[in-house]
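Asker: Chains as they are written, first to last, in full-length UniProt numbering: chain B, 1 to 234; chain F, 1 to 113.
Be careful, since some hints might not be right.
Unchecked claim - Covered by chain B, per the in silico footprint, the following chain F stretches (three or more residues, Cβ under 8 Å):
id	region
1	5-12
2	23-34
Said to hold, decoys possible - Derived Cβ-Cβ restraints for the label pairs, each shown as a range:
id	chain 1	residue 1	chain 2	residue 2	range
3	B	49	F	52	36 to 46 Å
4	F	96	B	54	42 to 52 Å
5	B	53	F	14	42 to 52 Å
6	B	49	F	75	29 to 39 Å
7	F	97	B	54	45 to 55 Å
8	B	46	F	94	45 to 55 Å
9	B	44	F	55	31 to 41 Å
10	B	2	F	13	13 to 23 Å
11	F	20	B	53	32 to 42 Å
Since the hints were made in silico from the structure, they are not lab data.
Ideal Cβ placement from N, Cα and C applies to all residues, glycine included.
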Amino acid sequence: MNKTLYVSITLVSLVMGLMMALQFRTAGRVDSGVPYDRVQLLTTELKQLEKEYANLLIEASDLEEKVAKAEKGRPEASQAVFDELVKVRQLAGMTKLEGPGVEVNLAPIRREPEQGDNLFTVRDEDLLRVVNELRASGAEALAINGQRIISTSEIRLAGSFIDINLTRISPPYSVLAIGSADQLESGLLIKGGLVDTMRDWGVSVTVTKKPSLVIPAYNHRIHLEYAKPLKEAQ
Amino acid sequence: MWIGVLLALLGLALGALVGLNVPLVLPQAYAQYLGLGVLAALDSVFGGIRAAMENHYDNHIFITGFFSNILLAAGLAYIGTKLGVPLSTAAVVAFGVRLFQNLAIIRRHLLKK
């Protein structure tokens with residue numbers, strides 16, 4: 001009897017002390033802690049932020065996907081730039097080119113001079129005319145005696161020789177042109193055309209169609225000192 | 001008699017020690033219910049002391065009253081909150097009045113000695 005009394009008293013006081021201590025701590029926390037309304041406010045704010053966070057996560061994954069796509073697209077873009085560069089180099093004459101075309105050989109006719117013969121040699125203007133005619137017939141690349149004709153190339157008489165790209169060339173002259181061989185040939189050989197005229201002047205002209213010929217690259221320095229691209233023209 | 005007081009003090013100290021040192025803290029929303037529980041427990045304890053002084057102390061009544069008062073006070077306050085009726089106020093008033101009555105009676109018994 002006494003024993004249960006003591007046990008129960010001990011138990012009751014134990015529970016009592018425990019509860020009071022807990023309540024003391026909780027109440028102490030109330031004073032220093034946040035009020036109940038504030039908790040609710042913060043809870044709603046937290047919920048809102050969580051929603052926002054989820055939205056931002058979605059956005060982030062979306063953007064990452066885009067970045068990945070762009071990364072995938074980059075090799076293609078650089079390939080396009082590279083292709084463009086190759087094309088531009090071809091147009092500028094910086095590469096060796098190969099293709100069908102014609103070879104035009106010009107040489108002064110070697111024969112005994114007769115009375116009343118025109119003593120013409122091949123002049124720079126003859127070469128210019130040939131080049132002009134070939135271009136008009138759709139020649140895509142031109143070279144004379146291994147000198148590539150580009151946009152800044154000159155063909156002119158210097159003393160008794162002809163200079164192309166500031167390089168002296170000597171007869172016999174061989175003009176190579178890549179393009180439609182038939183068109184190029186017919187453009188030159190047309191009746192009353194350039195070849196007829198030059199033959200009359202005493203120049204031996206032979207035009208041979210070639211299924212494949214190689215035109216060398218322009219091998220001098222190109223330096224544009226004065227010409228600058230316009231910004232607004234780009 | 002003195003062993004009982006000693007045991008009570010010992011238990012109180014032990015409980016306070018444990019309560020102050022446990023890492024868990026009650027959520028603030030439940031603090032008021034625990035507070036009511038403490039009030040009910042105090043009321044039961046003083047009721048028990050008064051009964052002991054009037055020499056009709058019953059251990060079973062004391063023990064059952066102690067725990068059922070705690071649980072009822074906290075539970076009724078909780079239900080009151082859920083129903084929108086401030087039953088906690090009623091509990092505070094009821095237990096408070098009884099507490100002070102018991103204290104007054106204990107004081108008189110002590111003075112009569």
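Asker: For the range 29 to 39 Å, tell me whether the beta carbons of residue 49(B) and residue 75(F) fit it or not.
Answerer: Since the Cβ atoms of residue 49(B) and residue 75(F) sit about 36 Å apart, the hinted range of 29 to 39 Å holds.
Asker: 42 to 52 Å was suggested as the range; check whether the CB atoms of residue 96(F) and residue 54(B) agree with it.
Answerer: 49 Å, holds
Asker: Tell me if the beta carbons of residue 20(F) and residue 53(B) are separated by a distance inside 32 to 42 Å.
Answerer: 38 Å, holds
Asker: Please test the hint of 36 to 46 Å on the beta carbon pair from residue 49(B) and residue 52(F).
Answerer: 58 Å, violated
Asker: Determine whether the Cβ-Cβ distance between residue 44(B) and residue 55(F) falls within the hinted range of 31 to 41 Å.
Answerer: 59 Å, violated
Asker: Range hint 13 to 23 Å: satisfied by the CB atoms of residue 2(B) and residue 13(F)?
Answerer: About 22 Å separates the Cβ atoms of residue 2(B) and residue 13(F), which means 13 to 23 Å holds.
Asker: Between the region 23-34 of chain F and chain B, are there enough contacts, at least three residues with CB-CB distance under 8 Å, for the coverage claim to hold?
Answerer: holds (count 6)
Asker: That 45 to 55 Å hint for residue 46(B) and residue 94(F) (C-beta), does it hold up?
Answerer: 39 Å, violated
Asker: For the region 5-12 of chain F, does the count of residues with a C-beta closer than 8 Å to a C-beta of chain B reach 3?
Answerer: Three-residue rule met by the region 5-12 of chain F, so holds; n is 6.
Asker: Is the distance from the Cβ of residue 53(B) to the Cβ of residue 14(F) consistent with 42 to 52 Å?
Answerer: 46 Å, holds
Asker: Okay, residue 97(F) versus residue 54(B) on CB: inside 45 to 55 Å?
Answerer: 53 Å, holds
Of the hints listed earlier, those the structure fails to meet are numbers 3, 8 and 9, in rising order.
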